[in-house]
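Please take these sequences and the hints and turn them into a complete structure.
Which chain is which? The protein sequence lines are X and R, in order. Start counting the first sequence at 1; every next residue gets the next number (this note's numbering). Start counting the second sequence at 1; every next residue gets the next number (this note's numbering).
Mixed in with the good hints, there may be bad ones.
[What the hints assert, rightly or not] A short, non-exhaustive set of chain R residues, derived as facing chain X with CB atoms under 7 Å:
1. CYS14
2. HIS166
3. ALA169
[As the list claims (entries may be wrong)] Counterexamples of contact, computed for chain X against chain R with all Cβ distances above 12 Å:
4. ASP22
5. MET64
6. GLN116
7. ALA130
8. GLY134
9. ILE184
10. GLN228
11. LEU229
12. LEU232
13. LEU322
[To be verified] Per label pair, the in silico range of CB-to-CB distance:
14. R/ASP11 <-> X/ARG131: 49 to 57 Å
15. R/SER15 <-> X/GLU25: 53 to 61 Å
16. X/GLN198 <-> R/SER15: 20 to 28 Å
It is worth saying that the hints were derived from the structure and are not from the lab. The C-beta atom is built at its ideal place from N, Cα and C for all residues, glycine as well.
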Amino acid sequence: MRGRALLGVLGLALAPAVFAADPAEFLVRIGEAARGSNYQGVIIYRGDDMLETMRVTHRFRDGMEHERVQSLNGDPREILKENNKVICLLPKDRKLTMNLPTPKALFPALSPERLQQITQVYELRDLGTARVAGRNCQGLAIVPRDQFRYGYEIWADQDSAVPLKVSMIGREGEVLEQMMFTEIEFPATIPDEAFRPQLAPGETRQVVQMVENPPLPQPGVVVRAGLQLDRLPPGYRVAFREMRPLPNGRGTVEHLVLSDGLSAISVFSARKTGAVAPVSQRVSQMGTVHAYRRQVGTLHVTVVGEAPQETVRMIGDGAKPLATAEAPAAP
Amino acid sequence: MSEETLSALLDGECSPEELDRLLAEMERSPQLKGAYSRLRMAREAAEGTRVRKGQPCICSGVMAGLDEAPLPVSDKVTDLDSRRPARSGRWKPFAGFAVAASMGAAAVLVAMPQVQQRGSQAAGSFIPQVSSPVSLPIPVVRPRNLQMVSAEAEQEDDLSGYLMEHNSAAASRGMGGTLSYARFAAHNAVYRPQSEEQP
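In structure tokens:
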């Protein structure tokens with residue numbers, strides 16, 4: 001009897017303590033698990049007014065990440081990933097490769113610095129347990145501390161910490177976007193055959209490249225900051241900054257990426273040459289992404305990001321030309 | 001690498017060997033990839049867009065908006081297809097977030113006046129999908145200012161390009177929220193103008 005009790009205690013001690021630690025550690029583990037685990041299953045994605053079903057196969061072996069995403073609705077489409085190399089396959093056996101065009105994983109990997117940045121503007125809350133895709137999951141809410149960003153709810157498998165359900169939450173608590181596994185398994189090994197595409201050569205339709213890489217900065221182009229941002233929502237920092245020429249020599253555009261650790265907002269400021277029509281001040285929406293553009297002096301400023309309308313407006317309204325200063329290095 | 005070769009790639013006229021060689025070369029040469037991208041964008045801009053049957057995309061929202069919106073009074077309508085030059089039977093494919101976003105440029109151009117007439121009702125309304133290719137009746141009215149129309153087209157093009165670039169830059173750095181993965185794979189893109197103010 002004493003032996004059984006000891007085994008029980010030992011079993012508890014060895015069981016994966018996914019959420020026993022604080023939510024921040026759990027969040028880090030979710031990011032690691034999404035990249036470093038073997039899993040295959042079916043995902044439902046619901047965004048705005050569309051519903052999509054995909055089969056996902058993910059393998060991490062010898063430091064290499066392989067992934068295959070097959071669309072189960074409509075025309076057959078597949079995305080194959082090998083580390084940062086992505087191949088998009090659509091019918092007629094056309095394939096085009098890109099270097100870094102697509103999201104890294106189900107959930108981003110989080111460094112300690114980034115986690116610290118996140119916890120300054122989001123509150124992490126334990127949501128308890130629930131079942132998703134037949135698995136016991138632990139819930140975590142990432143609740144914004146202000147009105148400048150959206151929140152998230154993540155339900156991760158208790159054993160593996162792979163996120164099985166992720167929802168983006170609006171300011172009124174409404175679900176804006178959601179993905180969820182409806183079935184999932186965690187095989188110890190996944191054979192290479194599982195990553196071979198099924199679209200046969202010579203099928204009926206054509207294929208096209210899905211995402212363009214942004215043009216690379218060209219030598220000889222004068223890199224000088226043209227934009228100053230006077231008003232940033234709390235927690236947002238410049239994560240990336242580059243200057244590049246516009247196509248056909250029409251001028252230059254400066255691109256800044258701001259991030260609060262989770263969400264990202266881009267600011268583009270274009271200085272065009274020749275006759276340029278004034279820009280209409282306008283807010284646009286694409287799903288959960290808002291875009292705001294306005295003209296500031298000779299600059300055409302466009303703010304694009306997965307954030308509420310007020311956030312992109314605030315950033316855009318605080319943008320002004322910086323005539324002479326050199327571009328500060330991105331932190 | 002000549003423009004003709006890239007053009008053949010766009011037209012789907014390369015042999016499998018040529019295709020492999022081109023793709024390998026593009027992987028090695030960002031300049032070549034950039035040239036291909038520019039050529040493709042120029043081609044799409046010149047040829048216009050077609051809506052694939054059953055494809056959920058920006059066009060569905062735009063088309064639905066047009067169906068609901070009252071058209072300006074005009075006694076002459078023109079079928080859009082009849083205004084286009086004849087093309088091969090192959091449709092230009094569109095897939096993925098990026099392409100759907102790029103389609104937004106042309107689509108929003110068409111939808112903008114009608115959506116604005118509907119005011120705030122347009123934003124947030126449910127948008128059904130288009131189930132078949134659509135030919136739009138285009139009211140024949142003289143634009144107020146041709147230069148303005150051209151400028152708006154260019155601005156919408158810029159916005160579509162920025163959307164793609166933002167998505168790519170954020171995702172490649174592991175930012176942009178947790179759902180960008182699924183969103184990309186599902187090629188969801190609904191792009192609606194919300195409001196407009198004069199500068």
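So, going through the hints one by one against the coordinates:
Hint on R/CYS14 is violated. Least Cβ distance to chain X is approximately 9 Å, over the 7 Å limit. The restraint placing R/HIS166 at the interface with chain X holds, with a minimum CB-CB distance near 4 Å, inside the 7 Å limit. Interface hint status for R/ALA169: upheld, as the beta-carbon distance to the closest one in chain X is roughly 5 Å, under 7 Å. With a closest Cβ-Cβ approach of about 19 Å to chain R, X/ASP22 is found to remain outside the 12 Å limit, as its non-interface label requires.
With a cut of 12 Å on Cβ distances, X/MET64 stays outside the contact zone with chain R, its closest approach being about 18 Å. At the 12 Å boundary, the C-beta of X/GLN116 stays outside the reach of chain R, the nearest C-beta of that chain being 15 Å off. Residue placement check: X/ALA130 keeps its beta carbon more than 12 Å from all beta carbons of chain R (closest about 18 Å). Residue placement check: X/GLY134 keeps its beta carbon more than 12 Å from all beta carbons of chain R (closest about 20 Å).
The Cβ of X/ILE184 lies farther than 12 Å from every Cβ of chain R, with a closest approach of about 14 Å, so its non-interface assignment holds. Every beta carbon of chain R lies more than 12 Å from that of X/GLN228, the smallest distance being close to 19 Å; the non-interface claim holds. The non-interface label for X/LEU229 is consistent with chain R: the shortest C-beta to C-beta separation is roughly 16 Å, beyond 12 Å. Every beta carbon of chain R lies more than 12 Å from that of X/LEU232, the smallest distance being close to 15 Å; the non-interface claim holds.
Even its closest Cβ contact with chain R, about 20 Å, leaves X/LEU322 beyond 12 Å, as expected for a residue assigned away from the interface. The supplied range of 49 to 57 Å is met by R/ASP11 and X/ARG131, whose beta-carbon atoms lie about 51 Å from each other. The given range of 53 to 61 Å is respected by R/SER15 and X/GLU25, whose C-beta atoms sit roughly 54 Å from each other. Distance hint for X/GLN198 and R/SER15: a CB-CB separation of about 23 Å, consistent with the stated range 20 to 28 Å.
Hint compliance for this structure: hint 1 is the single one not met.
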